[in-house]
Structures are given as C-alpha cells and as structure tokens.
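One-letter residues, chain by chain:
Protein chains: 2
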Amino acid sequence: MGTLEMNSDEIAISFSHSLSPLDPEEFRRQGHMIVDFLADYYQNIEQYPVRSQVEPNYLRDRLPKSAPYAPEPIEKILQDLHKDILPGLTHWQNPNFFAHFPSSGSVAGFLGEMLITGFNVVGFNWISSPAATELENVVMDWFGGMLKLPGSFLFSGGGGGVLQGTTCEAMLCTLTAARDRMLKKIGKERIGELVVYVSDQTHFSLQKACQIAGLNRDNIRVVPTTIGFEFSLQPGLLRSVIEADVAAGLAPLYLCATVGTTSTTAADPIGPLCEVAQEFGVWVHVDAAYAGSACICPEFQHFLEGVEGANSISLNAHKWFFTTLDCCCLWVKDPNALIEALSTNPECLRNHASDSKKVVDYKDWQISLSRRFRALKLWMVLRSYGVSNLRNFIRSHIKMAKHFEALVNTDNRFEIVVPRNFAVVCFRVTPCAIKKHDNYVPADSTPKKQDNYFGETKDDVSVVNEFNRKLVDHINESGQAYLTHAVVGRVYIIRLAVGGSLTDYRHVDNAWNLIKDLTDSMLKLC
Amino acid sequence: MGTLEMNSDEIAISFSHSLSPLDPEEFRRQGHMIVDFLADYYQNIEQYPVRSQVEPNYLRDRLPKSAPYAPEPIEKILQDLHKDILPGLTHWQNPNFFAHFPSSGSVAGFLGEMLITGFNVVGFNWISSPAATELENVVMDWFGGMLKLPGSFLFSGGGGGVLQGTTCEAMLCTLTAARDRMLKKIGKERIGELVVYVSDQTHFSLQKACQIAGLNRDNIRVVPTTIGFEFSLQPGLLRSVIEADVAAGLAPLYLCATVGTTSTTAADPIGPLCEVAQEFGVWVHVDAAYAGSACICPEFQHFLEGVEGANSISLNAHKWFFTTLDCCCLWVKDPNALIEALSTNPECLRNHASDSKKVVDYKDWQISLSRRFRALKLWMVLRSYGVSNLRNFIRSHIKMAKHFEALVNTDNRFEIVVPRNFAVVCFRVTPCAIKKHDNYVPADSTPKKQDNYFGETKDDVSVVNEFNRKLVDHINESGQAYLTHAVVGRVYIIRLAVGGSLTDYRHVDNAWNLIKDLTDSMLKLC
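The listed protein sequences correspond, in order, to chains A and B.
The first sequence lines up with residues 17 to 542 when you count with this note's numbering.
The second sequence lines up with residues 17 to 542 when you count with this note's numbering.
If we strip away everything but chain A, and leave its shape as in the complex, we get (with noise of 0.2 Å):
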C-alpha cells in the first residue's frame, strides 16, 4: 500500500480478484457486511459526539500519500473507516443533530439509494431507461397532488416536475428558462439590464445562480424584512422596488419568494407577491425547500396559498421528507421554458421514442446530461409510508419543535426570537439574564437610539451576541449536541431545528438541559 511499485505477492492478490469488479456472490457477501455496518451504526450513534472534533488536516497524515498498488480486503477498509473516517464525520443522523436543517434518512429512502445504484442507468433521455422518466412523471404528479399544487403544475395539467439534486440546481435551470424567456423578447444584449428580486431572507443560493447564469451582479435587489413582519417580504415593498428599476429602463426579471426560509423560517405571502411579479411580468419561484414537505399536511397548505401565481416552485426532498441526499422536486408550469434554455438534440442521443415527441427527455430540463434513477427513492418513500405516516413524521417533529419551545419559555433568562413557523426554535439568552451579571458594563449608561428591531443598543447587542455565540460553541463542543445560529436585525439567535429521522422527546429533553446547564456554568462565570 503506499507505492506504485509492486511485488510479486501483491501480482498474486491483484489477479486472484481480477476477473470481475461486479460478481453476484461478492456482491451478496460484502453488501450484507455493509447493511449489518450501518445498522450497528445507527444503533450506536449516540456514542459519537454529534460534530465531530477533529482539528483541520487531520486526515492527510494518517493515510499513505498514494492509492495502493494492490487490492485490500473489505475488513481492513472497514476497520479503517471506524478508525480514520468515523471521527471526521459529523454525524448528521444522529438524534442530538439539531443543526441547519435536518438531513432526513429513512429505511425506505436508503433502499431507493441502493436499488438507484445497483440498477446504474443513466436517464438523459425516455430509451436509456423508460422506467426512470415515466416513474419520475408519476411520483412528481403525486407528490404534487399530495401538496395540493395547482394542476398547471402537473403533467396531468400540462405542467410538471422533475427531480433534481439540489435546490442551487433548481434556482439556476428557472433563472436561466426565466432569462432566455425575457433576452427574446427584449433582446440578448440587455442581459445586464435584468433585475433579480430577492429579500434579505432569500438563500444565498439565488445569488450564487445569477453569478452562474452571467446576470450583472449590481442588478439583484435585496429587500429589508422586519421582525414586525416576521422577515417576510412584504409585497408594497416589492413593488416600489420593482418600480423604480422600471423607471431606470432596466427589465424586471426573476422574483424568488420562500416558504421557511433558512434563519428563521419565515413565509413570504406568496399570492400577494405573485400578484405584484406578474403585473410586471416577473417569474416567479418559490423555494420551499424546507418547509414545503410539511405542506402535505392540511394544516400547513395555506403557506402554498396563491402558488398559482407562481412559475415554478422546489422543495428538498432530502431535508424533511426522507428521500436522503439528494433529491429536490422542482414543479414548473411552462415546461417549455426550461426546455427552450436547456436542451441540446445531439445525433448520438437520436431514438424513435424522442423523435415521436410521445416522450419526456429529462436531458432538457436540468443542467446535466447524465441523470440518475431519482424517482425510484421517492417512489419508496411515498409508499413505505403512505400519505398518513409522512404527516405523522413531520408533525411528531413540530410536536418536538413545540415542547422546546415550551421549555424555553419555562426559563425567563432565555426568548423565542421569532415565533415558530415548523419545527425550527429560534431563541437566546436574553439581555436581561446577561447583564445581571458582573462583566456587563455598557460604555456609557444614558439612554442610545434603537440599533436593532429588538429595541437593543449596539453595545447590548455585541454583548449579547457574543455571549450567545460563545454558548453555542460550548454546545457543540461537548459533543452532546450540535446546533447552529444565524443573525437577524443584527441578532445573533440560536437555531434548534428538529427533524431527525431517529430523535424523539429525550433528545430535545438533553438538548434543553445541556444548554440550560452550559448557560448556568457561563453566567456564574460572569
């Protein structure tokens, strides 16, 4: 191992396994070996501390500085990766993960991974594998259903879906359909003249696909929110800005509005914005890439209310909906668009079945060529669990998202920021608790103009930021639990985001009692 040389032992070992990477029995023996791994793993998980510890380039020392000459037998690969790999992961499965936004395994979407891999087909396009596409049709028009989306984005509507790896991928083919659409009608040379329309809430996704697509970057406006309106963009606020873009003679072009946004999962009022986009004629998208998948719950579609309005709306599958990474479902109501920006008809992808124009090729409605078998997890999922145990699924998280919530508000040291919406808690430390405590010595005690939209100073805020900061990195340095922030009117608030396809009650028990014990320690240190 170690060296491109070789010796004749290792000749000896290199072809007793050489005569095929892909025989059935190997296959059999080594893939039991790998499910009884993970199931050990997902028994044990509790063990590892959530984000790992290691320091930067831990990894690059402990392994030989070239790929091996001779094969290596499964044990030892297996034994290393408990030994090398195990703490360099964070471990996003891990019930005690209340980071970002959850990353949802299930059984059912681990056994579409594994049938998407052992088949391997590459579904550019219908022939290379008519299953794929048509099933993909299916389940993208079910899932649609089930969200209650209008027909126009159904292929039973003359719309309809199509699978994605990410939300950035699904951002990007619409911004690019959305630009082509407009550069016709008012010409290629204007590309800098397009405006895109986000708020100060929107991922930053958006912007990274309009530095792609070649938009100008000085063209992407950024709307303020306020927590008086609870970061959601408000429409009169558009609309001015829409406005005075207009009046420069520059082209109103892509409006991107978001239902659970990533810092505090605010809802933008779709239907009202929709309304304002279209006068303009502005594409709409509404990324729900989070909180979309709770929309299948009745309780929840009113945050889709007005989507009619929209062009084209996405959600990942893979955060809370159980599909694992990667899977984001992407409806569009004009087909066409996308395929007029993204398609390519080489000779060597020519077939019977594309040339009768009877079929769906998936080539042309995504960046990539090569595409795999997406639809088949999906398909696991939606029937493994049913309509009834999905919404279970996600409302046993928002009850979990609720009782914390409750439990904050038990301790009157700590707030809710920003009122729940799912199941994300955003909440802190208050400044009150924070400056009963010695070390709090504003610079100067007379009264100072607001500097934030909770009413705090900018040295109550830099305080309480900071001190806030410092508990989330205790947090997530004992390994106990692993939470991440964000910072909203200039406040630093923690993030408790539930979804963990193997947290329950006790987690978020320990996880309340871990920080309220890290926050005890903090303050009598103070």
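Mixed in with the good hints there might be a few duds.
Claimed, not checked - Under the rule of at most 30 Å between Cα atoms (straight-line distance), these lysine-lysine pairs were calculated in the DSS-like manner:
id : chain 1 : residue 1 : chain 2 : residue 2
1  : B       : K81       : A       : K164
2  : B       : K373      : B       : K164
3  : A       : K201      : B       : K204
4  : A       : K164      : B       : K92
5  : A       : K373      : B       : K81
6  : A       : K374      : B       : K451
7  : B       : K451      : A       : K486
8  : B       : K81       : A       : K349
9  : B       : K451      : B       : K474
10 : A       : K200      : B       : K201
Stated by the list, open to error - Label-pair restraints from in silico Cβ distances:
id : chain 1 : residue 1 : chain 2 : residue 2 : range
11 : B       : M49       : A       : E315      : 33 to 39 Å
12 : B       : G265      : A       : G167      : 49 to 55 Å
13 : A       : K486      : B       : G167      : 40 to 46 Å
14 : B       : G174      : A       : I355      : 40 to 46 Å
15 : B       : K532      : A       : G203      : 26 to 32 Å
16 : A       : N73       : B       : E291      : 32 to 38 Å
17 : A       : S372      : B       : G265      : 44 to 50 Å
Keep in mind that the hints were calculated from the coordinates and are not lab data.
Even glycine gets a Cβ: it sits at the ideal position worked out from N, Cα and C.
Since the structure of chain A is already known, use the hints to place chain B on it.
For chain B alone, kept in the frame of chain A given last:
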C-alpha cells in the same frame, strides 16, 4: 392505495409503523432483502432484454393516480418493482450492453454509495463533516498521481481536485471561472464578446454550459475535424480561428479539448493545443470524461501529454472507473479562480475552521451548496481494487474491444471506420456489401464528386447509412445486445463500447454473431 381518504384499518397500519423511519432493526431486515434482490438481479440479468422494449407511456396506466394513503409493506413494493419497473429498465449493467459509454458498477462502488447514503452527511463546508472534505482532498491527489497529472493540479502542488456530479457541471464551473476572470480584466459589459472554442466532436454539453453561463450563442466556434486526422482538433486550424476573432475585436475565452470523444473516442493533441491557447490567454479545459480512466495505464498516459499547459481537466469515474453514477473528477490548477466565481459566505455557515482559512470549503468549488460524500466511493474503489486491478479491468476491456475489432476484420462485408483508440469499436457494413444487392440503385451511375470524408457520393451515403441504421434497430429490438451509433463526416457508424463490469468474451462473441446473422438476413431480403 390510490386515495387520500382513509379508513380505520389503514389508520391502524399507519400508526404501527409511525415511530421511527430509521429504526435500526427494520433497516437491517429490509437492507438485507435488497442486497439479495440485487445479487439475484445481477445473477439473472442476462434474461432481460438489454434495451427496454416498452412503448411510451407504458407505466402511467399501471400505477394509481395518487400516492397511497396507508403505508405498504416492502414485500408488496418489491413485487411491483419486478412487475412494473423492471420491464421499463434499460439494463446498463447487462453484460450485453455496448451502447454509449459504460456506466460501470462495482461491488466497491456500490458499498461506497451505501455508506454515503447511510451517513447521509451534507458536506458543504469542512465543519459539516471534516472527513468528507479531507478524504476528497486525499483521494483526488491519489487519483491525480495515478494519472501522472503534473503536481500543479494536486493539493500537494497548489492546485486541487473536487468531485462533481457530471462533466456538465465541471464544464459549467470552469467556464464560469474563466468568464469571470476575463470579465474582471476587460469589463463585465463585454460578456457578449467572449468566444468559446470547440471541435465538431466536442461533447454537446459544452454548448449547454455556454447557454447557462449567459455567453453569446453566436460566439461558439466549432472547428471542423477530418478523418485524415482521426477527428482530432488541429492546432493550426484553432490558431487561425482565434486570430480571426482577435482581429474582429472579440475576446477568446475558453477551449475545450477532448481525450476520447463521444462519437469515435478521438483524442485531441493536448500539448500543441495548449500552446496555441496560452498565447491568447485562453482557458483550456481537458474533457477526458471517458478515456481519462485508461490513463492510469502507462501505455495510455501519452494521451495526456502536455496537460501541464491546461487549466483544468475532468473525467467521469462513473463511466469507466467503477464508482457508479455520479462521480466526475475535476482538477484545477488555480482553485481561487473557481472560488472567486462560485463562493458565497453567508452568516449561517460561519464557523471557526472556515474563518481560519486552514480548510477547504467545497461549496465554493461547485454549483450546489449541498454535496454528497462522494469521496467515500472513490476511496472504496481505489482500495478494494488497487492500482493493479483497476489497470487489469481497463486492459481487459480494451483486449475485448481488440478481439471484436479482429472479428469485424475477418468479414469483408464490414469495415472498421475509424481506428480504435480505447475500448470502443466504430464499424459499419460496407457500401460494397450493400451495393452487391438488388435494391441498391444509384440515382445516376456517372462518377460524382466526393460527398463525404469516405469518398462516397450522396446517394451512396444515404443508402449505406440507412442500411446500417436499420441494422442497429434490429440489434436493439432483439433485446440480445444494445449498441448505439454516431454520425461522422456524414457517415453513420455503429459503435460497440466494451466496459460493462459483467462483460466477458462470450458476450462480445454473441454480439458479433448477432450482428452477422442480422446482416445476413438483411442482405438476403435485399
């Protein structure tokens, strides 16, 4: 099933399953079932027609109109998989699959995917799972070393590698990096003047990447190739095209050179092309999607000669390097060019490790934020097979292709159209064999001007092409083998691509016998 209503039985079923979607013992039970399902599938894979024989829209009527309300047992789902999905699969792992390029599965690649999916980490930045980033750094240096890439493409030499989904993404990322670097120099308003260079054999994905990146579609220069140079891009021609653009005041931007083109596996002369490109400050990307893998064998490394003059190089490990889809390896000399074009630094991802600048955050090297732990499958493949067996696998495919080539040469009704470089054989039934038969009536028997690179007139070409096209149809309709075609120099060629992980000499022999027999019948019918 098939309704969103529920009855009390369904509720009972639904709640019995509702505790955890990732119960370890249920995972173990169902995981073992799927391993056996797939091992049996590989064992029996030859019984399925290679290319699916279903008709468009075969699936929609077989499946319910909506997702099931109640959960369904895995046993029932697997029955339906057999009944409804398998007939619609084109079996890329079938050893009689010789179409396109291989999509090479392997035990190690499959195990890697199981682990990726099992851990299900979202590795956007270092802290999100340090092992995911660091193992990727290590294996990309290992693999680069096996290819004898110059040190400047490796982390150890100031460059670095990243795993993307597909070559399309690698092209789009490097194109965006090149574009932004150039526009920084010449001014962003000149985006419409940037020019991209390809040959008429370059993969069509590059054109799509240009479309997405907002480049001027009129500024893609397609340099013609000829059979005299085996369809490789000629540096002299490239120079004259670039010079004309410079003279016209345009800004030469990006050249895509290919090692192993899709139609005929032609190899562009990398060194001389880089010399021309460098003179004009053009970014050179080497697309070695298919043939790059062969360059781990010393006897093929000359195809990458001169790559030290390029800016980036990519290959698809899912094509011919046994990782399963998707796994595109991209190396760049100047990671900062990627990072400047693709980075975003939102507050919600701030962490000490990223702030320290001691770590790689791969989100800034690719289109998407979220990313799977793909390094794990490349690591599994490299260790399970070692350099020695990986070379053996590739050499065995090339030997089988040579064997097929020899068989074609034994029958003078067939000809090898373009010399074989790797494991793809380009052949056809000759005009001569077809002309001998009655139905071949040239419209005019007087000598005509050459109409294609092969010295055939237009009428010859269309009759001969049509014959070969029908032959391919017959082969693929038989279900016994699957081959695809290309058209070069207006000549229709049949491609036989060896590379399936289960393919052996007997499959190649069977394919040849099938082709001969079908040709016999077709010629008899003439």
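Against which earlier hints does the structure fall short, listed by number upward?
Hints 6, 7 and 15 not satisfied by this model.
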